[in-house]
Amino acid sequence: MRWLLTGITVVVLLGLSVLGYANLGSAPIEGKQTAFTIDDDSSVRITLEVRRDDPRRPAACVVRARAESGDEVGRKEVLIQPADDTIRQETVLRTSARATIGEVYGCTYNVPEYLSTWTRPTG
Numbered sequence: 001m002r003w004l005l006t007g008i009t010v011v012v013l014l015g016l017s018v019l020g021y022a023n024l025g026s027a028p029i030e031g032k033q034t035a036f037t038i039d040d041d042s043s044v045r046i047t048l049e050v051r052r053d054d055p056r057r058p059a060a061c062v063v064r065a066r067a068e069s070g071d072e073v074g075r076k077e078v079l080i081q082p083a084d085d086t087i088r089q090e091t092v093l094r095t096s097a098r099a100t101i102g103e104v105y106g107c108t109y110n111v112p113e114y115l116s117t118w119t120r121p122t123g
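UniProt numbering applies: residue 1 is where the sequence shown begins, and numbers increase by one.
No false leads were slipped in.
For each label pair, taking beta carbons as the anchor points, the in silico distance ranges come out as:
#: 1; residue 1: Gln81; residue 2: Asp41; range: 28 to 34 angstroms
#: 2; residue 1: Ser69; residue 2: Pro28; range: 30 to 36 angstroms
#: 3; residue 1: Ala97; residue 2: Val10; range: 55 to 61 angstroms
#: 4; residue 1: Ser69; residue 2: Asp40; range: 15 to 21 angstroms
#: 5; residue 1: Glu49; residue 2: Arg2; range: 48 to 54 angstroms
#: 6; residue 1: Arg98; residue 2: Asp54; range: 36 to 42 angstroms
#: 7; residue 1: Glu68; residue 2: Ser116; range: 34 to 40 angstroms
#: 8; residue 1: Thr108; residue 2: Val11; range: 31 to 37 angstroms
#: 9; residue 1: Leu5; residue 2: Arg88; range: 51 to 57 angstroms
#: 10; residue 1: Gly7; residue 2: Pro82; range: 42 to 48 angstroms
#: 11; residue 1: Ser69; residue 2: Leu16; range: 40 to 46 angstroms
#: 12; residue 1: Gln81; residue 2: Asp40; range: 23 to 29 angstroms
Below, computed lysine to any residue pairings styled on SDA-like, alpha-carbon distance capped at 25 angstroms:
#: 13; residue 1: Lys76; residue 2: Pro112
#: 14; residue 1: Lys32; residue 2: Val92
#: 15; residue 1: Lys32; residue 2: Ala83
#: 16; residue 1: Lys76; residue 2: Ile29
#: 17; residue 1: Lys32; residue 2: Ile101
#: 18; residue 1: Lys76; residue 2: Tyr114
#: 19; residue 1: Lys32; residue 2: Ala97
#: 20; residue 1: Lys32; residue 2: Arg57
#: 21; residue 1: Lys32; residue 2: Tyr109
#: 22; residue 1: Lys76; residue 2: Asp39
#: 23; residue 1: Lys76; residue 2: Arg88
It is worth saying that the hints were derived from the structure and are not from the lab.
These numbers come from a predicted model, not from an experiment.
The C-beta atom is built at its ideal place from N, Cα and C for all residues, glycine as well.
Turn these sequences into a full structure, and let the hints steer you where they fit.
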């Protein structure tokens with residue numbers, strides 16, 4: 001009976017450890033804004049840094065601009081090409097009003113087809 005209780009305790013603790021790591025561990029892909037410049041009333045330049053657990057895979061990040069009121073005034077998806085390590089990339093985002101901040105909303109390995117630069121081999 002004692003071995004059974006010990007076994008159940010070990011299994012429960014192992015399950016909690018796996019669950020905690022899955023929910024609290026590092027994300028497979030993370031993007032962050034490292035700089036932004038308000039170019040004019042209709043554009044913002046955003047520099048983003050992307051860290052991936054597999055940098056050889058392409059990724060897509062959504063960047064956005066917000067006005068002083070907090071309203072979103074611009075958004076676009078940016079293709080992040082495969083690389084050897086963490087990548088830093090700059091993009092210009094057109095806005096519908098003057099932005100006060102440019103930021104990374106999020107990144108994913110699910111690259112939309114229209115962003116993909118991969119071409120099918122011929123022959």
